[in-house]
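Colleague: In case you want the letters, here they are:
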Amino acid sequence: MDRRSFLKTSLVVGGTALTSNNTQAQEKHDPDEFVGILVDTTRCIGCRACEVACAQVHDLYVADVINDGALAKERKTSETQWTVVNKFETEKGDVFVKRQCMHCYQAACATACPTEAMKQMEGGPVIWRGNKCIGCRFCMVSCPFDMPKFEYNEWNPKLQKCTMCFERLEVGQKPACVEACPTDALMFGSRMKNLEVARHRIYSHPDEYVHHIYGEHEVGGTGYIYLSAVPFEQIGFRTDLGKSPYPEYTKEFLYAVPMILFGVPAFLLGLNTLTGDSKPTTQGEFSSDFEGEDDEY
Amino acid sequence: MMNTSATPIRTFGEFFPFLIEELKPRGPWLTPFNVISIPVILTGLVILVYRFMHGLGSVTNLSQDTPWGLWMGFDVITGVALAGGAYVITFVVYVMKVEKYHSIVRATVLNGLLAYTFYGGALLIDLGRPWNGPNPYIGNSFGFSSVLFLICWHFLLYMVAEFIEFSPVIAEWLHLEKARKFLKSLTLVTVVLGITLSILHQSGLGALFLMAKPKIHPLWWSPFIPILFFVSSIYAGLAMIIVEGTISHKVFRKLIEPKSHHSFDEMIFGLAKGAAIVMFVYYFFKALLFIHDKQWAMINDGWGYWYLLEVIGFVLIPALMFAFGFKHRSLNIIKIAAVMALLGIVLNRLNVSVISFNWYADVRYFPSWQEIVVTLMVIFAELWVFRWFVTRMPVLTAKH
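Those sequence lines, one after another, are chains F and P.
The numbering of the first sequence is this note's numbering, which starts it at 1 and goes up by one.
The numbering of the second sequence is this note's numbering, which starts it at 1001 and goes up by one.
The shape of chain F in the complex, shown without the other chains:
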């Protein structure tokens, strides 16, 4: 903590737009204002209506959910599928899990992006903006859930991932997957409310759920949160991602930048002055480009 407060003080002294922007982004996050989706995996029947709805709304590849037998093996989201449902065989029977971008509160991808192409919009959804993107794929390197997917076989590639139907939210509609879900496995709403509902379900049916809401604390909290009857590592979730928001990992480096930017030149110039202006005795032996330059600096 001491170090942190020292860094913060130094930041105020060094005060550049570079980092002050970063701290502001931190503080504006209020769980009340954030929207998200609660996924109750105990209710999911694996019909994959969400996959179809998502693909139709976003003009992506529409899977033939009746015949393609895709549940047979675990799939990842891809550049043509923003969301996929996977089947896991567990001690409590088959469990179906919808996966997509988690819409982290403090998104690693948005922090990583050098051009704000990946951007967290007001209210939480993280979207990609093609006119900004340079295609560096640093978002893919940084995302703890490996969600941004790159179109490797396009001359004009896009980054593809769930947008939480940001364009629908803006006109007051719900995300397409939530509307399509026939069993209320998906619930859209403010994150506060979703968490209350999730806790209520755990309290009222303590034997049916593990007492853990995935995404409540993981990576600092995510927009999508999950309930499960079995431990989350059994249904394809990483439980080793930690509770720190991922931007925290680069924050201290970025704090140090203004200090180095101003401190090092001062140090170097001081060092240069201290070493004096004594003319080196060896001059003339090697210094071809030094002739007649006694007046430099």
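Everything labelled a hint here was simulated from the structure, so no lab data went into it.
Any given hint might turn out to be false.
[Said to hold, decoys possible] Here are the simulated DSS-like pairs of lysine-lysine, each with C-alpha atoms no more than 30 Å apart in a straight line: (1) Lys174(F) with Lys193(F); (2) Lys193(F) with Lys119(F); (3) Lys119(F) with Lys1215(P); (4) Lys132(F) with Lys1215(P); (5) Lys1215(P) with Lys158(F); (6) Lys73(F) with Lys1181(P); (7) Lys243(F) with Lys1215(P); (8) Lys243(F) with Lys1294(P); (9) Lys87(F) with Lys1215(P); (10) Lys1181(P) with Lys1097(P); (11) Lys1215(P) with Lys76(F).
Quantities reported herein were computed from a predicted structural model and do not represent experimental measurements.
On the provided structure of chain F, position chain P as indicated by the hints.
Modeller: Below, chain P alone, put in the same frame as chain F:
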């Protein structure tokens, strides 16, 4: 600036014939270097045309699990570390005023400048949407919280600083004496700026991987990656000067005065001593992190052995060889140590950025032949330009 000087080239009218004359090839064409490099460069260009028509996936083995491969991992991240010599040597010569190394400043700065130009270029090849490349610079979408944004700016500013540091040589080539004096007067400022930017982007390249914590093998991920990258770039630069200088002194022997062959040997001993000290410090850091993070349990499998190979085989051993070579005045041991140290840097940067990235993935990434050819193309193209500068401008030589 060109017109302000009362020197042989007074107008652009005179400048262009001079430039065209200088651009013409000199010397024999059928050298082994040309015979190898020309086909590679031509093949690389064809691959690039194909890549821009059909996407990165058409020529690379990149995937959703491996967003950064050889082009980012070697060309950019390793290449920049190997170009660290420029900031180290300008620090020694201009800030600390150690004149002993003055005669290699020009070649080293030129190397740094060209390395950044070509590795910056390699970054453009790897960008999916390079036409948006100006976005980090033109001001409507600054990702202030992004480490890569920082690096984008530092690359650009550093190239400008390096260019100004090198520009007196260009002025000398054009016989523009006044311009040369003016440009030379900027040297200390650009050197200080260049060193500062180098500290930040050498460490910044490491900071790129801080958020990839869950994906990089714990033996290579550490919150101190930025410091490790910075410290290792110092000895990478020193080792590169030894290797590159040795080769230059062979290839361009005619351009160099006999006297400076001897002084170059003396310099190598000094560089070796410096490299040994920095490498021991780096090794100490690595050992400290290893012990502090209690990583003993991870050492007894393939990844562990691979880690030991890097840290002992290509850091500790070359460090000892540098020290031994310095003490016993053995140039050969120092030169072998320098090559090993560079291989260690390549190994380390690739381990962090590519090899141990998503180390648990089922399908391992291996670069396609096209990725390798384009990487060689970048290196050869840089050497061509380096050769052009060295044979036209007073880089290795005294004044014409």
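Colleague: Against each hint, give a clear statement of whether it holds in the structure.
Modeller: Structure-based check of each hint:
1. Lys174(F) with Lys193(F): Within the cut-off at roughly 15 Å; holds.
2. Lys193(F) with Lys119(F): holds (24 Å)
3. Lys119(F) with Lys1215(P): holds (22 Å)
4. Lys132(F) with Lys1215(P): holds (26 Å)
5. Lys1215(P) with Lys158(F): holds (23 Å)
6. Lys73(F) with Lys1181(P): violated (70 Å)
7. Lys243(F) with Lys1215(P): Holds: Lys243(F) and Lys1215(P) sit about 16 Å apart, inside 30 Å.
8. Lys243(F) with Lys1294(P): The hint holds at about 21 Å.
9. Lys87(F) with Lys1215(P): holds (24 Å)
10. Lys1181(P) with Lys1097(P): Roughly 19 Å separates the two Cα atoms, so the pair holds.
11. Lys1215(P) with Lys76(F): With a Cα-Cα distance of about 16 Å, the restraint between Lys1215(P) and Lys76(F) holds, given a limit of 30 Å.
Of the hints listed earlier, the one the structure fails to meet is number 6.
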